[in-house]
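Build the full structure now, drawing on both the sequences and the hints.
Those protein sequence lines, which keep their order, are chains A and B. If you read the first sequence in the numbering used here, its first letter stands for residue -1, the second for the next number, and so on. If you read the second sequence in the numbering used here, its first letter stands for residue 2, the second for the next number, and so on.
What the hints contain is simulated information worked out from the structure, not anything from laboratory work. None of these values were measured; they are calculated from a predicted model. Careful: at least some of the hints might be erroneous.
Computed cross-link-like contacts, SDA-like style, restricted to lysine to any residue with a CA-CA straight-line distance of at most 25 Å [what the hints assert, rightly or not]:
(1) A:K243 - B:G114
(2) A:K353 - B:G117
(3) B:K21 - A:E348
(4) A:K353 - B:L62
(5) A:K381 - B:M205
(6) A:K389 - B:L291
(7) A:K286 - B:Q8
(8) A:K409 - B:L291
(9) A:K381 - B:I300
(10) B:K65 - A:T354
(11) B:K4 - A:K378
(12) A:K370 - B:P16
(13) A:K378 - B:K302
(14) A:K389 - A:K417
(15) A:K378 - B:L291
(16) B:K4 - A:P288
(17) A:K417 - B:V9
(18) A:K378 - B:L62
(19) A:K353 - B:G114
(20) A:K286 - B:I6
(21) A:K417 - B:P308
(22) A:K86 - B:T170
(23) A:K243 - A:K427
(24) A:K378 - B:S15
(25) A:K204 - A:I292
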Amino acid sequence: MKIHGIRVPHHKNTADTAPVRLELPSVLTIPMSMHIGRPSAPIVKKGDYVKVGQKIAEASAYVSAPVHSGVSGTVEKVDEILISNGQKVPCIVIKPDGLQERYEGIKPPVITDHKSFVQAVADSGSVGLGGAGFPTNVKLNVRDLSEIEAVVINAAECEPYITSDTRTIIDKAEYIFKGIDAFKKYMKIPRYIIGIEDNKQKAIEKLKELSKDRDDVEIHVLPSIYPQGGEKVLVYNTMHRLIPKGSLPLDVGAVVINVTTMAFLAEYFETGMPLVERCVTLDGSAVKEPKNVIVPVGAPIGEVIEAAGGLKSEAAKIIYGGPMMGITVPDINSPVLKNTNAITVMDAREAAPPKTTACINCGACLNHCPLKLDPRAIAKAYKLNSAEDLKELQVDLCMECGCCSYVCPAKRPLVQTNKLSKAVLRIYKEAQKEKEGAK
Amino acid sequence: MSKLISQVSPHFNSPRTTQKIMLDVIIALLPAAVMSAVVFGWRSLLVIAVCVAASVLSEYLFEKLCKRENTVSDLSAVVTGLLLAFNLPVTIPLWQAAFGSVVAIIVVKQLFGGIGQNFANPAITARIIMMTAFSGTLTTWTAPNFSLSGAVDATSSATPLTLISKGETGSLPSLLDMFFGFRGGCLGETCIIALLLGGLYLLMRGVISWQTPVAFIGTVAVMSLVCGKDVPYQLMSGGLMLGAFFMATDYSSTPPTKWGKIIFGVGCGLITILIRFWGNFPEGVSFSILIMNILTPYITKLTRPRPLTGGADKL
Chain A
-1 MKIHGIRVPH
9 HKNTADTAPV
19 RLELPSVLTI
29 PMSMHIGRPS
39 APIVKKGDYV
49 KVGQKIAEAS
59 AYVSAPVHSG
69 VSGTVEKVDE
79 ILISNGQKVP
89 CIVIKPDGLQ
99 ERYEGIKPPV
109 ITDHKSFVQA
119 VADSGSVGLG
129 GAGFPTNVKL
139 NVRDLSEIEA
149 VVINAAECEP
159 YITSDTRTII
169 DKAEYIFKGI
179 DAFKKYMKIP
189 RYIIGIEDNK
199 QKAIEKLKEL
209 SKDRDDVEIH
219 VLPSIYPQGG
229 EKVLVYNTMH
239 RLIPKGSLPL
249 DVGAVVINVT
259 TMAFLAEYFE
269 TGMPLVERCV
279 TLDGSAVKEP
289 KNVIVPVGAP
299 IGEVIEAAGG
309 LKSEAAKIIY
319 GGPMMGITVP
329 DINSPVLKNT
339 NAITVMDARE
349 AAPPKTTACI
359 NCGACLNHCP
369 LKLDPRAIAK
379 AYKLNSAEDL
389 KELQVDLCME
399 CGCCSYVCPA
409 KRPLVQTNKL
419 SKAVLRIYKE
429 AQKEKEGAK
Chain B
2 MSKLISQVSP
12 HFNSPRTTQK
22 IMLDVIIALL
32 PAAVMSAVVF
42 GWRSLLVIAV
52 CVAASVLSEY
62 LFEKLCKREN
72 TVSDLSAVVT
82 GLLLAFNLPV
92 TIPLWQAAFG
102 SVVAIIVVKQ
112 LFGGIGQNFA
122 NPAITARIIM
132 MTAFSGTLTT
142 WTAPNFSLSG
152 AVDATSSATP
162 LTLISKGETG
172 SLPSLLDMFF
182 GFRGGCLGET
192 CIIALLLGGL
202 YLLMRGVISW
212 QTPVAFIGTV
222 AVMSLVCGKD
232 VPYQLMSGGL
242 MLGAFFMATD
252 YSSTPPTKWG
262 KIIFGVGCGL
272 ITILIRFWGN
282 FPEGVSFSIL
292 IMNILTPYIT
302 KLTRPRPLTG
312 GADKL
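Set out below in structure tokens:
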């Protein structure tokens, strides 16, 4: 069986130039929700002086993450901010003093066993840096280490424009392998699979060179077919195992870690500097000089764009991430987040929503869905508000990759309908459960 | 500063649109349109023009009347007009051609909700209605202008299928004439090479997939062989090539699934054979497609691929 996908334009314009460190922004706005899970709990208050690498918020639950400051400066306020999903979450606003004083407590973590390894990962503030933002330590906290047969290192980077993972490989390949060594030592995982799309020749060469004497690392060069980097797709295409609906990669013996996350962890083990800055691809039709930039987490996007050379035309749409799965930014001064691997700025022409016409029943959506769903039928069931049909069509399997919407000649908002359908089905299932409970 | 657009992903769309798909179909039909004039004379172009104009006009007026969005620019009405003309004899009175187009667009397409909603192929259904209403003019055939194999008078004005069903195989046109379209028949169905070129173009452009034509034509070939008929004549006669590449591949009235297309094609092939060899009509392609159109929702449901749930279907 082959998993379907689509060919999207690559636009990897920024792959060949090293990232540039930008000057400090005038302010950092750090939301407490930059990961999947419970928002972090602030431990600083207005007027506090913080230094680079200092913890400013704690993990508030099992699935949560601590947050650290990327600048030295004064906490201006602990406020609320509107984030992309329409929710308001607490945020910490820091005014940098420009001195970039390093926090005294920064030292390499002491790791002796699995437990202290997972603790170190948790303390680093690490979340999935490829965009998903799932707290890394949670994935590694398994009861029985033998459950994990392989770590799949996600270097597919299948979204258009984005090259920040490519740059990690080219600039920090040694750290990827140091990370693998640490995982081997403390997690006792024997197999490491790096999955990368074939449109990154330079990065592939580098990985092959560094892994040529190792039999624990496999480099899987995969066709550049979106969504190659989707967790389910990547695990299937590298390990030939299908993650069942509602399950985690762990259920098929895999842990999937983004390549930049892996390199970051190795660097953290060496230096003790937590996740306070990151590499972001700045590209899109409105950007004057597309490039990768290194910026502190919390930097306002508007200032990042200015410092990186500005725009050549007015921004009509700004996206966290790439054009296929990225989330639109509500305000140009929204901050760079931990999981912001790219900022895509589109001009009015590129951002103009296409005209939607009637479904012509061509079947392109169902013939391109990686998970073999039928978005055409789902849209009909949604229109009829039929939760039973939506259940039968398995809409809750949808990973929202966007292939269906992309290929649709009528430009129907199919992913959007899938999302809404998932909500209808969720409510229906909850009601079913309640009914059963009442019996 | 103007407000930023907030929108759900994806933020990229493929350049493919309904209009471009329909344009591809029109391009694919052009060689056969040109050949119809070569084979039957200029009047064929007049019939085509009347059908296209009547289709487009009735779509425009109907949508105007019903205050629906104007969809003339998606070019689907042009395709319907072309296909209907291709299914008519060159001698058809122009008012009848126009009437058929109005039936195709208004009755079969618009009354069911417009593009994508019609359960039957508009051109085929209109043709069948015309066969009942104007049976005389729809079965009056003219001889082609000339013949590649020599004497024009050797070429009968009857269609090859009529000749075969009457047992007059001696007066059949040569295979070469059949291949280039010099035989009696509907104006757009005769030139096999032009239809194959158009079909190939649609396959290459990804507008149609191979399953339907291969299953349809393959079934007719195999069944003709089994029934002891002359396979090349069966394949090149009637509206098989036109139907298999251009009508049985219509999106809204045929299954979108791969296996559905195969079942649809095989079903069309079997019904065509049944009508050709045992029915009262010499030709059965139109009826076969219409009957399979009606079965389409069931075929689609039956052949919908199983989502990749990894066995966790119950969740």
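Verification of the hints:
Restraint check: the Cα-Cα separation between A:K243 and B:G114 comes to about 37 Å, which exceeds 25 Å; the hinted pair is violated. The hinted pair formed by A:K353 and B:G117 meets the criterion: a straight-line CA distance of about 17 Å does not exceed 25 Å. Between B:K21 and A:E348, the direct Cα distance comes to roughly 20 Å. Compliance with the 25 Å bound is thereby established for this hinted pair. A C-alpha spacing of about 22 Å is found between A:K353 and B:L62, which places the hinted pair at or below 25 Å, so the restraint holds.
Between A:K381 and B:M205 the alpha-carbon distance is near 34 Å, which puts this suggested pair outside the 25 Å criterion. Under the criterion of a C-alpha separation no larger than 25 Å, the hint pairing A:K389 with B:L291 is inconsistent with the structure, at around 32 Å. Simply put, A:K286 and B:Q8 have alpha-carbon atoms about 23 Å apart, close enough for the 25 Å limit, and the pair holds. A C-alpha spacing of about 29 Å is found between A:K409 and B:L291, which places the hinted pair above 25 Å, so the restraint is violated.
This hinted pair checks out: A:K381 and B:I300 have alpha carbons roughly 22 Å apart, not beyond 25 Å. Between B:K65 and A:T354 the CA atoms are separated by roughly 19 Å; this keeps the pair inside 25 Å, and the hint holds. The straight-line distance between the Cα atoms of B:K4 and A:K378 is roughly 33 Å, outside the 25 Å bound, and the hint therefore fails. With a C-alpha separation of about 23 Å, the suggested pairing of A:K370 with B:P16 holds against the 25 Å cut-off.
As the CA atoms of A:K378 and B:K302 are separated by approximately 13 Å, the hinted pair is consistent with the 25 Å bound. Simply put, A:K389 and A:K417 have alpha-carbon atoms about 13 Å apart, close enough for the 25 Å limit, and the pair holds. Taking the CA atoms of A:K378 and B:L291, the gap is about 24 Å. The hint holds against a cut of 25 Å. At most 25 Å may separate the alpha-carbon atoms for a hinted pair to count; B:K4 and A:P288 meet this at roughly 23 Å.
Simply put, A:K417 and B:V9 have alpha-carbon atoms about 10 Å apart, close enough for the 25 Å limit, and the pair holds. The straight-line distance between the Cα atoms of A:K378 and B:L62 is roughly 28 Å, outside the 25 Å bound, and the hint therefore fails. For the suggested pair A:K353 and B:G114, the alpha carbons sit about 19 Å apart, so the restraint of at most 25 Å is met. The suggested pairing of A:K286 with B:I6 holds, with an alpha-carbon distance near 20 Å, which does not exceed 25 Å.
Taking the CA atoms of A:K417 and B:P308, the gap is about 17 Å. The hint holds against a cut of 25 Å. With a CA separation close to 82 Å, the supplied pair A:K86 and B:T170 exceeds the 25 Å bound. Of the pairs offered as hints, the one joining A:K243 and A:K427 holds, with about 15 Å between alpha carbons and a cut-off of 25 Å not exceeded. Taking the CA atoms of A:K378 and B:S15, the gap is near 22 Å; set against the 25 Å cutoff, the hint holds.
Simply put, A:K204 and A:I292 have alpha-carbon atoms about 22 Å apart, close enough for the 25 Å limit, and the pair holds.
When each numbered hint is compared with the structure, violations occur for hints 1, 5, 6, 8, 11, 18, 22.
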